[in-house]
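Enquirer: Dock chains B, C and D against chain A, hints included.
Protein sequences, first through last, are from chains A, B, C and D. For the first sequence, the working numbering begins at 1 and goes up steadily by one. For the second sequence, the working numbering begins at 1 and goes up steadily by one. For the third sequence, the working numbering begins at 1 and goes up steadily by one. For the fourth sequence, the working numbering begins at 1 and goes up steadily by one.
Source of the hints: derived by calculation from the structure; they are not laboratory data. Please note that a few of the clues may not be correct.
[Claimed, not checked] Here are the simulated lysine-lysine pairs, DSSO-like style, with alpha carbons at most 30 angstroms apart: (1) A:K87 - A:K17; (2) A:K87 - D:K87; (3) B:K17 - C:K87; (4) C:K17 - B:K2; (5) A:K87 - D:K17; (6) A:K17 - A:K164; (7) B:K17 - B:K2; (8) D:K2 - A:K17; (9) A:K17 - D:K87; (10) D:K17 - A:K133; (11) A:K2 - D:K2; (12) B:K17 - C:K2; (13) C:K87 - B:K133; (14) C:K133 - B:K17; (15) A:K87 - D:K133; (16) D:K17 - A:K2.
If you're wondering where the values come from, they're calculated on a predicted model, not measured in any experiment.
Below are the chains, spelled out letter by letter.
Number of protein chains: 4
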Amino acid sequence: MKIGLIGAGWIGEEHVKRLAGRVTGAEVVAVSDIDPERAAAAAAIAGARVVDTAERLIADPGVEAVVVTSWAPVHAEQVLACIAAGKPVFCEKPLTTEAADGLRILDAEQARGERLVQVGFMRRYDAGYRQMKAVLDAGGVGVPLMVHCAHRNPTQPESYHSDKPMVDTAVHEIDVLRWLLGEEFATVQVVVPRSTSQRFPHLVDPQILLLETASGARVDVEVFVNCRYGYDIQCEIVGETGTVRLPDPAAPLVRSEGRASYAVVQDFPSRFADAFDTELQEWVDSLRSGVPAGPSAWDGYAATVVANAAVEARRTGGVVAVDLPGRPAFYQE
Amino acid sequence: MKIGLIGAGWIGEEHVKRLAGRVTGAEVVAVSDIDPERAAAAAAIAGARVVDTAERLIADPGVEAVVVTSWAPVHAEQVLACIAAGKPVFCEKPLTTEAADGLRILDAEQARGERLVQVGFMRRYDAGYRQMKAVLDAGGVGVPLMVHCAHRNPTQPESYHSDKPMVDTAVHEIDVLRWLLGEEFATVQVVVPRSTSQRFPHLVDPQILLLETASGARVDVEVFVNCRYGYDIQCEIVGETGTVRLPDPAAPLVRSEGRASYAVVQDFPSRFADAFDTELQEWVDSLRSGVPAGPSAWDGYAATVVANAAVEARRTGGVVAVDLPGRPAFYQE
Amino acid sequence: MKIGLIGAGWIGEEHVKRLAGRVTGAEVVAVSDIDPERAAAAAAIAGARVVDTAERLIADPGVEAVVVTSWAPVHAEQVLACIAAGKPVFCEKPLTTEAADGLRILDAEQARGERLVQVGFMRRYDAGYRQMKAVLDAGGVGVPLMVHCAHRNPTQPESYHSDKPMVDTAVHEIDVLRWLLGEEFATVQVVVPRSTSQRFPHLVDPQILLLETASGARVDVEVFVNCRYGYDIQCEIVGETGTVRLPDPAAPLVRSEGRASYAVVQDFPSRFADAFDTELQEWVDSLRSGVPAGPSAWDGYAATVVANAAVEARRTGGVVAVDLPGRPAFYQE
Amino acid sequence: MKIGLIGAGWIGEEHVKRLAGRVTGAEVVAVSDIDPERAAAAAAIAGARVVDTAERLIADPGVEAVVVTSWAPVHAEQVLACIAAGKPVFCEKPLTTEAADGLRILDAEQARGERLVQVGFMRRYDAGYRQMKAVLDAGGVGVPLMVHCAHRNPTQPESYHSDKPMVDTAVHEIDVLRWLLGEEFATVQVVVPRSTSQRFPHLVDPQILLLETASGARVDVEVFVNCRYGYDIQCEIVGETGTVRLPDPAAPLVRSEGRASYAVVQDFPSRFADAFDTELQEWVDSLRSGVPAGPSAWDGYAATVVANAAVEARRTGGVVAVDLPGRPAFYQE
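Bound-form chain A, shown alone:
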């Protein structure tokens, strides 16, 4: 599969390395970026060509599928161009920043009549979440009633502002819980604890996202992006007969100096390295059968609607209804 990649920033370069060095059945043949030097650097990793614009890359007859890792506000136009060109596109999250753009993508893809879009929610490919889903699907804990999550980063740069805990960070939980629970969210509330002193003063951190699903299951997600001690993802699902908890990454227990301890992972690229690899490998594999099997444009749209509702909920302090239309039959699973 000949891949063109748009957007050679950090995640773009990571995906080039991944596709070139760890994913089989694909090669990166073209790279574009608004910064030609950055495009050249990423292209060099894979021995790919530099193409000067996203439009030309998408139109390039030598490009069979596209990876979009550009700046989020331009995702929508690039994905729409891929759909127009009839080319499969893997778009990093978020699919769009505005829900209205997501609707345009849904319309375009349905009009085209074939599934072309996959969104980069890599947690669905994490072994721990997959094991949890297997337990749930086997009825191991009964019908889910509650989920308790925590999403903790050691720190964030000054540019990280108070909407980001929802749109950049908790959006991962929003997606993976939609997938685990198999239903949509209906309402959103955000509870705001006293902020930590270990942060830039403009930032509201931590924030606690409260979600209600269509069936009435309740989710709480602690989002704490300056927790200092590590990158830590926790998730416990409570069902009618039991609970299942996401495992910590396996790490050796060391007994030394009066304590038994194991290392906590320090960043998300380490925590989800295998998930990222699996995500792209399965995407490439799925293209052979013609249809991407991962998170769809609908999933990307729904996540944006919920995350945006969460931002509104924090700003207003109230409970916000998630304004999501019915899932089109085209996107039923």
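Expert: Then chains B, C and D, alone, in the frame of chain A:
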């Protein structure tokens, strides 16, 4: 220390056994109960006398201190009588069912001018919570910002109604978190998930209690009293630099039939057996120095006010302010 | 039960405190020690009399039962005197240092015709070991084939010499495994790793004790008394269908500074505090029914024989047969 | 890298799938097997040619590197042929069954003057062992003094005989411990517990391998190939200041029906799936720089010498010296 015990139901009989068999420095000399047979059975365990009314037991010159394990609605009058008699009284939780009665006790005790009342919140005596408090007090996780708790029972009888998750069950978390965090609660909200099908139909279960402290720390307490799988108490405190989690009770890990597993405790008397013993031992020990050192009448009053606010919050669906006056200097620690 | 205690060193004083403050149904009425000041200090804790010799204490009509916590080489004579006086005696381990003295005690007790002796192997009273025994006895892991143990101390004083890892330290595993497995040991071997540099130069540390039971089960016990990091007791029993592992003491998991950790206990009095309490409480309780139910003189004798064989095995480097006669019917359980 | 594979049995077919589907930078172009149908089936997976003999495959100019997954007794001749042809060869363990054949390989490779041989000890590529090595190399537990291992399989077929616990099973520990500890083994002893009843009657199972390194560190390896409950690999290294333990594979903790449990892996292909992938990927990557970086012919030879000594030790019941010559400079790391 010669103890008189009022109320020979299940917990009363347990405390008689405890005082007779595992606590040193005390003996149960008198028992009263509205049911004379039950009184006689409990008295027989300790070789104690049966006294026909609570009033006479409290007045009995051979009784130096009183344990109140009667029906909750009569706690207030019995505790007031003990104060009037100048006798130390250990009252099982709740101190009172109505906040107004708690105020009467506070007034009476302050008028008397000496601390006589201790309330039976045994979790403060649990080794796990004490270890957590030591970590907190040593600054091991920084200033607390959030607490995540779960209080799960395998099942409850039909008489257990929808206010009880707050007034009987979460009240333990309310007390122990006041103690751990060292501050009062300011607001209460209750989130209600879809109820489990594994319950009597009249019961709203689970319920999630959201608390806000005076300083803005946020607490969530999952109360799930028909979780089927066991009696399970979880508590994680998230501070500015780290987190600390209540340990599960130590249990052997068994590898067998494809799984590595350990037993989950099935009831609160097993889970908190040592805490109950320690609670009464330390109470008896403290009486030698004249002042009970455990949860005070103020603690009992505050817990009732918060639990009652939680009931109101569930019924109204809104955020309820905790209507707690300033802590009298008499009760400062 | 009126108790006389002989030997007011560290463990003697601990037992006085325990009997005075945490064990019900007993009081220490008399204390003797070769050092009168030490005797007086211990006696003061319990409000007991000082008696000038062990002989007089044993003969004292006000003493109903005796606790022997004296220097190990005089245990035998003191225990024999108790038997001669027909008084129950709790003797700290080791029952005797020489196996021949153990045989004299067995003969005397059998001649007396009643069980009077209990030996202070407290691990049988530890909740973790008891839970393991319950799993074993319920067939939870099948017939035991192997046991892997570790007995680690942070450090030892200069007086601790190279026989002590077997006679003072591993002797606890020897006893508790006899009890867990329900059979005697047949052979002993000691494997000697390179010694740690973190010790006094005269000491051989660590040492690994290899035991074979009568039925052919195999046990390895790492004895490492200068492991630096803590006091750590590990035990895993491997049966025909599964394994069971002694739990670490429950301790809060703290996530901080890049690691998730829990504290390791630093000394045996902390690790086995509850076991010591339970041991003496059950001993006192058992005396009411007339017969001590804990480790018998036979258990004390067998442990000494095995530990002494282990010393010989280390010195000779070979496999040493455990020279144990058949268990007399008097000591069958 | 164009790969030819010899021996299309189970592990051969697994490696074809791996090289075709998960390893980048390599393709399987030729397969041979003594059973032409089996060769054809494996070749079909990768779209490779079938070559009728190992000799022709090795000589094939279209084959740049060889994977040997044939029957162990023919490994030596095939590896020697690869060396003679100057082609890199990845040989599944054991490199040879007879130590003398290993010496021939060492001589041939040294005579050739370049490193061509890598042996399939995949544990060195397991994330857990690598994390342990990182801890050791950073001085996290001090100088290693002891290692405790267990290697458990749920069951084995009737063809598995009593030498196999050492030559097929414990050989993995022999290799990975040589790598972790960075030194050779000097002596071997095997302790034989009573055999489990859950096995074919001819088999001696379990067996405990005791090893001594050149510096005097001591290793015990429980090998129990009919443990029933799962495939379980345990390893704890005890150093002068602490211990480090191989983690169990990460798995969700499920609380249900009175127990908290996680699944135990059931077979080695699941347990070491990632290690196998990494092993071949790193081998392919290393060939670009010309020199395989994994376990060398020396490592394969040393493992065979130690495993064969362990067989002798079990048969004789004594301590057997490991008869290993000095490591040639050619194989120094």
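Enquirer: Now, for every hint given, state plainly whether the structure supports it.
Expert: The hints, checked one at a time:
no.	hint	verdict
1	A:K87 - A:K17	holds (22 angstroms)
2	A:K87 - D:K87	violated (42 angstroms)
3	B:K17 - C:K87	holds (29 angstroms)
4	C:K17 - B:K2	holds (22 angstroms)
5	A:K87 - D:K17	holds (29 angstroms)
6	A:K17 - A:K164	holds (27 angstroms)
7	B:K17 - B:K2	holds (15 angstroms)
8	D:K2 - A:K17	holds (22 angstroms)
9	A:K17 - D:K87	holds (29 angstroms)
10	D:K17 - A:K133	holds (27 angstroms)
11	A:K2 - D:K2	holds (21 angstroms)
12	B:K17 - C:K2	holds (22 angstroms)
13	C:K87 - B:K133	violated (46 angstroms)
14	C:K133 - B:K17	holds (27 angstroms)
15	A:K87 - D:K133	violated (46 angstroms)
16	D:K17 - A:K2	holds (22 angstroms)
The earlier numbered hints that this structure contradicts are 2, 13, 15.
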